[in-house]
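Using the sequences and the accompanying hints, generate a full structural model.
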Amino acid sequence: MKVYIFKISINVFKSSIVINLVMTRRYKFLEEIGIGSFATVVKALDLQTDTYVAIKIIDIHKDLDLQYIQKETEILASLNHSAIVKFYEMFQESNRIYIVMEFIDGCDLLNYINSKQFINEYDSRKLFCQMVCGLNYIHSHNIMHRDIKAENFMVTKGGKVKFIDFGLAQNSVSSIFNTQCGSLSYIAPEILLSQQYSYSADIWSLGIILYAITNKKLPFDELNDSLLRDKILYEQPKFTSKIPVNLEDLLKKLLNKCPKNRITIEEITKHIWLKNEFKMISNMLDTTPPHTEASQSCGKLPVRSMLAAKCLTKSEYHFDSSPKSILSDNIKLQQKNIMYPLQARLCIPLNCKLNILANCTHKSKLMK
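Quick note: the sequence shown, position 350, residue 350 per UniProt numbering, numbers continuous.
Think of the hints as simulated: they come from the structure by calculation, not from any bench. There may be inaccurate statements among the hints.
Derived pair list, reagent style DSS-like, types lysine-lysine, alpha-carbon separation capped at 27 Å [to be verified]: (1) K116 x K253; (2) K126 x K28; (3) K242 x K270; (4) K231 x K279; (5) K231 x K242; (6) K116 x K260; (7) K275 x K160; (8) K116 x K238; (9) K257 x K238; (10) K116 x K126; (11) K126 x K242; (12) K28 x K116; (13) K257 x K242; (14) K257 x K217; (15) K231 x K217.
Label-pair ranges, simulated between beta-carbon atoms [as the list claims (entries may be wrong)]: (16) Q195 x Q236: 15 to 23 Å; (17) E277 x K116: 16 to 24 Å; (18) T240 x N95: 47 to 55 Å; (19) S78 x S194: 24 to 32 Å; (20) E266 x Q196: 17 to 25 Å; (21) S241 x N95: 54 to 62 Å.
Virtual Cβ for every residue (Gly too), placed ideally from N, Cα, C.
What follows is the structure, given as structure tokens:
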């Protein structure tokens, strides 16, 4: 297959960057929709399907650990659920990697919460049920997310929720993990104590998000990292009289500091606060095996989920079968890097200064 190199000057970009992109005359770049330390995300039009996509453009440099990108794309390519952003394809040109994904017309959950004066119980249930369904699907594939936070969800204009970031996700049949990672305000106590942890740590993080949705603030919030750790470990979340009794009960069970006593996903679905609506909402979400015709029909865009390209010459690409192949040669050449995945996500050691409420693309904070 012949593919031609051409320059595209994107004047609408705030950064006025010029993209040197190997294309199949397929994508028309429209606007920049996100920017981080290691990547820029643009909205583009797939000219073959007349469908919008999001393309993450990653600059390869010495401080970027390509193994995180490889792992994230492989995990994302293996999943297919309405509550998870879809991965379409990945290719490399020169010193850039391009990851083509589903375009989500909306905002991240952090900005969604900040934009609302009040989120009623039904809408809170609807948001939370979708997250629970998505997380249940992820865990059923022996994957732990490990970085559940408001910035890692998108909310569409129609109120649908989608996981969008799997940079710290990990496959494990044993379901036991040791690596300390995540965003401090959302990290479970057992991780802070350097204990082994399991899927229940994701459930704790989900509890932090439900508290934020229904209270317009985080349950444990301090600018000082040491004080924040102490609150997570030793203090109980506070509830106002405006919080319904059943919701308070669920939040206490989600934020139980002992992982063995923490509520499970199955128990969440049966909890009195949401069991009446859970079945109805979960039935609206589709779950199909990855890479089937059913998944390919979604949004009129073929799911080229394991398609990757490896540059052979200046004018020709070879198409391979998995994201792993596109990155393997680069990883072999790359020395061991610091443990900072995409978008300047901060990992443990936790003595690093953490931007606990927003990542580099979103500076707003949850309103008190």
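Hints, verified against the model:
This hinted pair checks out: K116 and K253 have alpha carbons roughly 26 Å apart, not beyond 27 Å. For the proposed pair K126 and K28, the alpha carbon gap of about 35 Å is over 27 Å, so the pair is violated. Taken as a hint, the K242 and K270 pair is honoured in the structure, with Cα atoms around 23 Å apart against an allowance of 27 Å. At roughly 35 Å between alpha-carbon atoms, K231 and K279 are farther apart than 27 Å, so this suggested pair is violated.
Proposed proximity of K231 and K242 is supported: the alpha carbons are some 23 Å apart, at most 27 Å. Among the hinted pairs, K116 with K260 is inconsistent with the structure: their alpha-carbon atoms are about 35 Å apart, more than 27 Å. Of the pairs offered as hints, the one joining K275 and K160 holds, with about 19 Å between alpha carbons and a cut-off of 27 Å not exceeded. Note on K116 and K238: the hinted pairing holds, with a Cα-Cα distance of about 21 Å set against a maximum of 27 Å.
Our distance criterion of 27 Å between C-alpha atoms is met by K257 and K238, whose separation comes to about 14 Å. The hinted pair formed by K116 and K126 meets the criterion: a straight-line CA distance of about 15 Å does not exceed 27 Å. Between the alpha carbons of K126 and K242 the distance comes to roughly 19 Å, so the proposed pair stays at or under 27 Å and holds. The suggested pairing of K28 with K116 is violated, with an alpha-carbon distance near 34 Å, which exceeds 27 Å.
A hinted pair counts as satisfied when its Cα atoms are at most 27 Å apart, and K257 with K242 qualifies at roughly 24 Å. Annotation: proposed proximity of K257 to K217 holds, straight-line Cα distance about 19 Å (limit 27 Å). Between K231 and K217 the alpha-carbon distance is near 15 Å, which keeps this suggested pair within the 27 Å criterion. Evaluation of the 15 to 23 Å hint for Q195 and Q236 yields a pass: the beta carbon distance comes to about 20 Å.
Between E277 and K116 the Cβ separation comes to about 19 Å, which falls inside the hinted range of 16 to 24 Å. Between T240 and N95 the beta carbons are some 52 Å apart, a value that agrees with the proposed interval 47 to 55 Å. At about 30 Å, the beta-carbon gap between S78 and S194 stays in the expected band of 24 to 32 Å. At about 22 Å, the beta-carbon gap between E266 and Q196 stays in the expected band of 17 to 25 Å.
Taken as a hint, the range 54 to 62 Å holds for the pair S241 and N95, whose Cβ atoms sit roughly 57 Å apart.
Violated hints, in rising order: 2, 4, 6, 12; the structure is consistent with all others.
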